[in-house]
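There are 2 protein chains.
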Amino acid sequence: MKKPRNEPVVIQAIERIFRAGRSSTLPLALGDDAALWRPSRGKETILTCDWFLEGTHFFREKHPAGAIGWKCLARATSDIAAMGGKPSCFLLSLALPQRFTGKWLGDFLRGLRRASRSIGCEVAGGDTTPSERILISVTVLGEIHPGRAILRSGARPGDLLYASGTLGEAESGFEQLRRQHGAPRTANAALRKHLYPRPRLELGRWLAEKRLASAMMDLSDGLSSDLPRLCSGSGVGARIETGLLPVTSEANRHQALEFALHGGDDYELLFTVSRRKAELLPPHVRGVKLTCIGQITREPKILLLDEKGALIPLRPGGWDPFRDKQAIR
Amino acid sequence: MKKPRNEPVVIQAIERIFRAGRSSTLPLALGDDAALWRPSRGKETILTCDWFLEGTHFFREKHPAGAIGWKCLARATSDIAAMGGKPSCFLLSLALPQRFTGKWLGDFLRGLRRASRSIGCEVAGGDTTPSERILISVTVLGEIHPGRAILRSGARPGDLLYASGTLGEAESGFEQLRRQHGAPRTANAALRKHLYPRPRLELGRWLAEKRLASAMMDLSDGLSSDLPRLCSGSGVGARIETGLLPVTSEANRHQALEFALHGGDDYELLFTVSRRKAELLPPHVRGVKLTCIGQITREPKILLLDEKGALIPLRPGGWDPFRDKQAIR
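One line per chain: the protein sequences are R and P, in this order. The opening position of the first sequence corresponds to residue 16 in this note's numbering, with each subsequent residue numbered one higher. The opening position of the second sequence corresponds to residue 16 in this note's numbering, with each subsequent residue numbered one higher.
If you are wondering where the hints come from, they were derived from the structure by calculation, not from laboratory data.
Short, incomplete list of chain P residues facing chain R, as computed with Cβ under 8 Å:
| # | residue |
| --- | --- |
| 1 | D47 |
| 2 | A49 |
| 3 | L62 |
| 4 | T71 |
| 5 | S152 |
We treat Cβ as the ideally placed atom computed from N, Cα and C, and that holds for glycine.
In isolation and in its complexed conformation, chain R is listed as follows (with noise of 0.2 Å):
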């Protein structure tokens, strides 16, 4: 009969380096059947999860566990960004291979807690398991005043479409790794951004607040991805010009374009705005810059005026993992 081993090693790592106790909003995480976890009074909470696997998107070779860890909770607590609301808890579905729960997983955990600090969402519980890849799935709980959340379903036509910050800087940055043997050795902005993404929290919120966007969503796979859902959640359509996107500099125009229009995992919001609301939004937001990127429309339609003045449909080429097996991100 083999060894017992009731607290696998896995969980006694999650409870070392959470060291996670009870709270006012937690009164009991982590090493019970369950978590308890006090919603605010009044408020209604936020639901999302979201996957992070090995092989689909990321590669163990290439990411640091550190990045792993901060970026599996990044990517999930922008769905509530993308809301208006702001995170307050996370459940870690953790699964991975025995060989990993050593040195690899201190790293990732390490990674999250950072993640955990910056965002404000306390981890809450979890479960683990082994696997021969590393699966991980994170939910998270937000809250917001109820009616504040902002939807993908209220853009009229006419409405402005914004962007916050610099669209294609994270696909750049994976553009970089993937041309650099095994793991990074320096990062700059557009590699940092890919590995370490920040949720825009406060953007999201104080638009919520401000009852400014009348439609937002964060973006995950890609512009020309993106937009069309937040289009047919709103039945509209859309028209963007190629000449107002805040593109990166650190790549050429023509690649510059391409990522920003398809690139992916850049977290931040697309969102639109009345006409008479516009005159309202400043520049920058908590420092973060705002850029109307084109219109929303009535035919439903996503168009883009491209830099020669034509009007060309804008076909999804950012990434949709069940059409790109092979894009692994």
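Based on these hints, arrange chain P on the given structure of chain R.
Structure of chain P alone, referenced to chain R:
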């Protein structure tokens, strides 16, 4: 360029089969960046997530898709029962090969929907992505009055130890399934318990409402693995008696005892009751049999009084996925 597919077939199937709309507790489910859930006023939220992985927790060739759908929610909800709570909604993280997005997915989702309706736990959202194996993680939210959750940490020396239902029955069913070729043809009570477990939600709530149990957990990995967790949580030991165990009649005595001690997947409740309150405990609650199987001791050892009257240490022989790499469940 490949054909774009913005609404993957998996999401369409989920939306078609669940037809999730707006309800009073779920003003927004499926189809946006995140879901919106309205917690009941003055209640605490119970949070839990559970892996259910092909090759680790089920075999695709052995387990019908509908049973996989049922069981992934039922077993996650069992953790809500183990706290004495009421389930409210769930999130589904589902990764599967493209070739299973047809009939297999439909059968899986219909099994999941049956569990969802039977348990009273609505779908709130989820995430889907392709993978070589079928990967499932389910997050369940439940509710309970503040202070009423029954933790693992409340057992005191002298408390009596109880189990609900029959122990080892699911393991006996799994044993039948292992012996059969391919998928099951007929299902007796034991096999049904393995394939379609019913979390003891009514019993859990009854015990919490009546404040009868001092500690509680659900039996998922087997009594000999789970009892030490409850004892460790409470800083106590336990002595159980072979002769008291509610064993299955679908195996010979020796095997039935092995199943009851070490078999997993029962999703029965294991709980402790002070001697004073034990008088108030009926033999059945909501049709579920309650059996006193031993008592809590001050000395932190797990001992078994066997049928010959010998007191022997009970070693974990239940299921620990990080230990039992071969013992697939």
